[in-house]
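Add chains B and C to chain A, keeping to what the hints say.
Going down the list, the sequences are from chains A, B and C. Counting from 1, one number per residue, gives the positions in the first sequence under the working numbering. Counting from 236, one number per residue, gives the positions in the second sequence under the working numbering. Counting from 286, one number per residue, gives the positions in the third sequence under the working numbering.
Please note: incorrect hints may appear among the correct ones.
Here are the computed distance ranges between Cβ atoms for each label pair [to be verified]:
hint, chain 1, residue 1, chain 2, residue 2, range
1, C, Gln364, A, Phe16, 51 to 61 Å
2, C, Glu408, A, Phe141, 43 to 53 Å
3, A, Arg5, C, Arg292, 39 to 49 Å
4, C, Ser392, A, Ala136, 23 to 33 Å
5, A, Leu132, B, Gly252, 19 to 29 Å
If you're looking for bench data, these hints aren't it; they were derived computationally from the structure. Every residue gets a Cβ at the ideal spot worked out from N, C-alpha and C, and that includes glycine.
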Amino acid sequence: MEPARFVALCGRVLPFAVALAVAMLAAGLLFSLALSPADYQQGESVRIMYVHVPAAWMALFVYALVAVLGGVGLAFGHALAFHAARAAAPLGAAFALLCLVSGSLWGKPMWGAWWVWDARLTSMLLLFFLYLGQIALSGAFDRQARGDRAAAVLALVGCVNLPVVKFSVDWWHTLHQPASVFKFGGPSIDPSMLLPLLLMAGAFKAVFFALWLIRTRTAVAASRVAAARLAGGAR
Amino acid sequence: MIDPASPYLSYVAAAYGACAVVLGGMTWRAWRGWRRVRDAWDRVQRRDRP
Amino acid sequence: MSRRRQRLVWLGVGLGAVFAAGALVLSALDDSLTFFYGPADLVERPDAFSRRVRLGGLVEPGSLVREGAAVRFTVTDGQVSLPVTFSGVLPDLFREGQGVVAEGRLSQDGHFAAETVLAKHDENYMPREVAEVLKQNGEWRAAR
Chain A
1 MEPARFVALC
11 GRVLPFAVAL
21 AVAMLAAGLL
31 FSLALSPADY
41 QQGESVRIMY
51 VHVPAAWMAL
61 FVYALVAVLG
71 GVGLAFGHAL
81 AFHAARAAAP
91 LGAAFALLCL
101 VSGSLWGKPM
111 WGAWWVWDAR
121 LTSMLLLFFL
131 YLGQIALSGA
141 FDRQARGDRA
151 AAVLALVGCV
161 NLPVVKFSVD
171 WWHTLHQPAS
181 VFKFGGPSID
191 PSMLLPLLLM
201 AGAFKAVFFA
211 LWLIRTRTAV
221 AASRVAAARL
231 AGGAR
Chain B
236 MIDPASPYLS
246 YVAAAYGACA
256 VVLGGMTWRA
266 WRGWRRVRDA
276 WDRVQRRDRP
Chain C
286 MSRRRQRLVW
296 LGVGLGAVFA
306 AGALVLSALD
316 DSLTFFYGPA
326 DLVERPDAFS
336 RRVRLGGLVE
346 PGSLVREGAA
356 VRFTVTDGQV
366 SLPVTFSGVL
376 PDLFREGQGV
386 VAEGRLSQDG
396 HFAAETVLAK
406 HDENYMPREV
416 AEVLKQNGEW
426 RAAR
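Only chain A is shown next, with the shape it has when bound in the complex (with noise of 0.2 Å):
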């Protein structure tokens, strides 16, 4: 798509993605907060979880989008692939960050420690560190295509790790728990928590899209701008 066209989309549905992140973030913790109730075991600290599963459900999904938008940028060279990997990559790493801070908070209360370095946690903090090496890369080039390039190496060979933190609690013994949501037999959450908590997930996936368009439609003008400099230069 052609960047004038592309930019003029994105101006066209940001209102309502907007719209649609508030909306959903207001209800999101108005069940979380107050219309939800609290745990037998855990108490008020259950709260927690309507931030931390969301924010790793949306590291794991991120960085997928990122390594499948860097395959397609290598194998067809598509520039907008690039654009849009470049803009969601920190997107991520945000979510990732988010995840283990608000996982330690609730581990302490709860496990009695801040971190312990089991399977699970240890895969996060991976992933949270092959999201900086991400960044790292496609800023490391003084040409944006051979940062893209190999930036989007590392993010599909990061891939690797992405099926270790989803099932490293059931392949081995971790402090932290199992799923309680994707798993078979269905959700061992009673639903007044699941509700909250599905309606956060849904909240951040909203956030996420609008600031991935904001951010995609910058990068797209930008790179825009930069060769209208270069040709102007030239002349």
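The following block gives chains B and C in isolation, referenced to the frame of chain A:
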């Protein structure tokens, strides 16, 4: 409704505070990025389609 | 074959190789990736008595005894039970019948001296009222 007397209130508040900082920070950075390129983009557009 | 097809095939082959390598590394590291051993696994390990290890399992209901600042309890996996001693602050979630991970040393007589105790919680979330109804109806599956 969250019980304000809960011993875990500070942990919950810190987690939601971290959430606000991360989401707010991401939004601020994304919008600042767009604001910086918007004017130059508009100039390029005017030149392309006078 | 077009250049694009060729690149796509190389991407696929490369990704397959990376995943295979990852699987090999993880299966080789299997033993060090586990955070704790259950009582039955622990007593069969040759190095169980020579180093700091983590013991995980359920706190046997009725086994908790407090002696001043020190506590004694039994960690079980349903077959083997090990007595544990600990002095210090137990985490809030520490309960009889719930999961626990103790880090410390196992002595030759099968007694585990814990230096830290972490509570492990399960994947079940529900309000207190629902838990009580489940218990009343006898649908409570203890020691999950």
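Enumerated hints in conflict with the structure, sorted upward: 3 and 4
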